[in-house]
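Enquirer: Sequence:
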Amino acid sequence: MKYYITTPIYYVNDKPHVGSAYTTIAADVLARYHKQQGHDVHFLTGTAEHGSKIAGSAKAAGQSPKAFVDKNVKFFKKAWEALGISYDDFIRTTEKRHEDAVNLFFDKLYKTGKLYEGEYEGLYCVGHEAFIKEEDLDDQGNCPDHGKPPEKIKESNWFFRLSDYGELLRDKITSGALKISPEIRRNEVLSLIEQGLEDIAISRRTAKFALPLPWDKEQTIYVWLDELFNYCSAIGYGKDKKKFKRYWPADVHIIGKDILKFHCVIWPALLDAIGEELPKQVFAHGHFTIDGQKISKTLGNVVDPVDLVADYGADAIRYFLLRDIPFGNDGDFSHTRLKDRYNADLANGLGNLVSRTLNMIQQYAPDQDYQANNKILPREVKSTLKLVDNYIEKLEFHHALAVIWSVVKTADNTIEETKPWQLMKGGKEDRAQKVLAELFQILLAVNKQIAPFLPDTHAKLDQLLSARPIKKPSDPLFARKA
Numbered sequence: 002m003k004y005y006i007t008t009p010i011y012y013v014n015d016k017p018h019v020g021s022a023y024t025t026i027a028a029d030v031l032a033r034y035h036k037q038q039g040h041d042v043h044f045l046t047g048t049a050e051h052g053s054k055i056a057g058s059a060k061a062a063g064q065s066p067k068a069f070v071d072k073n074v075k076f077f078k079k080a081w082e083a084l085g086i087s088y089d090d091f092i093r094t095t096e097k098r099h100e101d102a103v104n105l106f107f108d109k110l111y112k113t114g115k116l117y118e119g120e121y122e123g124l125y126c127v128g129h130e131a132f133i134k135e136e137d138l139d140d141q142g143n144c145p146d147h148g149k150p151p152e153k154i155k156e157s158n159w160f161f162r163l164s165d166y167g168e169l170l171r172d173k174i175t176s177g178a179l180k181i182s183p184e185i186r187r188n189e190v191l192s193l194i195e196q197g198l199e200d201i202a203i204s205r206r207t208a209k210f211a212l213p214l215p216w217d218k219e220q221t222i223y224v225w226l227d228e229l230f231n232y233c234s235a236i237g238y239g240k241d242k243k244k245f246k247r248y249w250p251a252d253v254h255i256i257g258k259d260i261l262k263f264h265c266v267i268w269p270a271l272l273d274a275i276g277e278e279l280p281k282q283v284f285a286h287g288h289f290t291i292d293g294q295k296i297s298k299t300l301g302n303v304v305d306p307v308d309l310v311a312d313y314g315a316d317a318i319r320y321f322l323l324r325d326i327p328f329g330n331d332g333d334f335s336h337t338r339l340k341d342r343y344n345a346d347l348a349n350g351l352g353n354l355v356s357r358t359l360n361m362i363q364q365y366a367p368d369q370d371y372q373a374n375n376k377i378l379p380r381e382v383k384s385t386l387k388l389v390d391n392y393i394e395k396l397e398f399h400h401a402l403a404v405i406w407s408v409v410k411t412a413d414n415t416i417e418e419t420k421p422w423q424l425m426k427g428g429k430e431d432r433a434q435k436v437l438a439e440l441f442q443i444l445l446a447v448n449k450q451i452a453p454f455l456p457d458t459h460a461k462l463d464q465l466l467s468a469r470p471i472k473k474p475s476d477p478l479f480a481r482k483a
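In the numbering used here, the protein residues as written are 2 to 483.
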């Protein structure tokens, strides 16, 4: 079974932040989970490097656009390495493989007869690299996300007949052929379709640092459409038919809810126009605030994931983001909650359980050669952990982690209730050995389940549990934070 998973590609006009880290960590967990199941996984992420926003940022930095993106892409690769992101491919839209595939795609699109020339007059937000409507502006006439007025544009462009695709898209979504999750996002898209779809401009005459249309060199490709095609260009569209057939269609696009229309309306319509299959699922998660406030450079509250990793370690950040915020909902990042969750669940929870259990085995059963034995695992633990796979496959990561940590709590309770050290002192060695054997099996089971979420911790615990004789860790898995 193949499994092709993608993140959105990120603009390199700035460094990655906690929001982009959240998306990428979620995709990484899914990729690791499916690899653990033995599936043929292809996990794609990357960067969007064309457009007026990039050109403007490069000019402000006193660099050429290409030099600017070549420098900034390193911040993303560094962040993903720090967070343990196991991507199989990293696509850049300035790569020749992408540009060649985009040219082929637009050449095919032109030959479908679904394009026409027309005049566009409206508002363009450079920050979004998107056309917006007057009703989307705030009371001062600014884009509410960027605090700046959009550009007023009147120019001749090429248009795509998106208005022809309402019925097809509605049928694909309602039949489940194109699954949109969570339900609230599916309903948003269906409502948008019911209101009637308008044709969209697919080119710009005045855009900077963008790809030219293959048949009209005076026009450049609308940057969002260039970017969407990364999902196909990265797997060999037009060059490697075998690889493209192997992985397309995508099994899931993981995105933020702000780009829902692009991925659930425009993208599937374009694919259908050129005769390609639609992605199987689009999952749109919510937005982040920081301590209740919108993420803003002006407010100085942008959180760098690399700094978080330096303070807490990658696994702690991966755990907190997916445990604290139900995937699909809006969420708030709080340094206080991060520390509290770290101490309660990781240091006092899993870390303490590992230390106590292995210390007791080292002290009371040093000669026992414990092996994996599912028959020893308590029945209630088995039935509880069976829920984890289902939650991961539904992208309900917070539920999956809650289930795993309920088993950690069960093991802690077992220690407190049975008190193996007292059993040993009271001459009940057989009973103590049975309890320790059960605890060892619980650690093995928990370690298997945390592998996609906490890969570094999984590797450390795997080493501890496979060492003979068994010894407690010389250092805590998670040192408490004061």
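None of these hints come from the bench; they were simulated from the model. Since the model is a prediction, treat every value here as computed from it, not as a measurement. A virtual CB, placed ideally from N, CA and C, is assigned to each residue, including glycine. There's no promise every hint is true.
[To be verified] Straight-line distance between alpha carbons at most 30 Å, and here's what the computed DSSO-like set of lysine-lysine pairs gives:
| # | residue 1 | residue 2 |
| --- | --- | --- |
| 1 | 387 | 36 |
| 2 | 435 | 376 |
| 3 | 155 | 36 |
| 4 | 78 | 36 |
| 5 | 16 | 134 |
| 6 | 115 | 153 |
| 7 | 16 | 242 |
[Claimed, not checked] Label-pair distances were calculated between CB atoms; the ranges are:
| # | residue 1 | residue 2 | range |
| --- | --- | --- | --- |
| 8 | 247 | 216 | 36 to 42 Å |
| 9 | 90 | 336 | 48 to 54 Å |
| 10 | 377 | 72 | 53 to 59 Å |
| 11 | 138 | 79 | 47 to 53 Å |
| 12 | 175 | 377 | 17 to 23 Å |
| 13 | 395 | 122 | 41 to 47 Å |
| 14 | 432 | 482 | 32 to 38 Å |
| 15 | 380 | 336 | 39 to 45 Å |
| 16 | 100 | 377 | 54 to 60 Å |
Enquirer: Now tell me, hint by hint, if it's right for this structure.
Expert: Tested hints:
no.: 1; hint: 387 to 36; verdict: holds, 18 Å
no.: 2; hint: 435 to 376; verdict: holds, 12 Å
no.: 3; hint: 155 to 36; verdict: violated, 50 Å
no.: 4; hint: 78 to 36; verdict: holds, 21 Å
no.: 5; hint: 16 to 134; verdict: holds, 28 Å
no.: 6; hint: 115 to 153; verdict: holds, 26 Å
no.: 7; hint: 16 to 242; verdict: violated, 35 Å
no.: 8; hint: 247 to 216: 36 to 42 Å; verdict: violated, 31 Å
no.: 9; hint: 90 to 336: 48 to 54 Å; verdict: violated, 33 Å
no.: 10; hint: 377 to 72: 53 to 59 Å; verdict: holds, 55 Å
no.: 11; hint: 138 to 79: 47 to 53 Å; verdict: violated, 36 Å
no.: 12; hint: 175 to 377: 17 to 23 Å; verdict: violated, 48 Å
no.: 13; hint: 395 to 122: 41 to 47 Å; verdict: holds, 44 Å
no.: 14; hint: 432 to 482: 32 to 38 Å; verdict: holds, 37 Å
no.: 15; hint: 380 to 336: 39 to 45 Å; verdict: holds, 40 Å
no.: 16; hint: 100 to 377: 54 to 60 Å; verdict: holds, 58 Å
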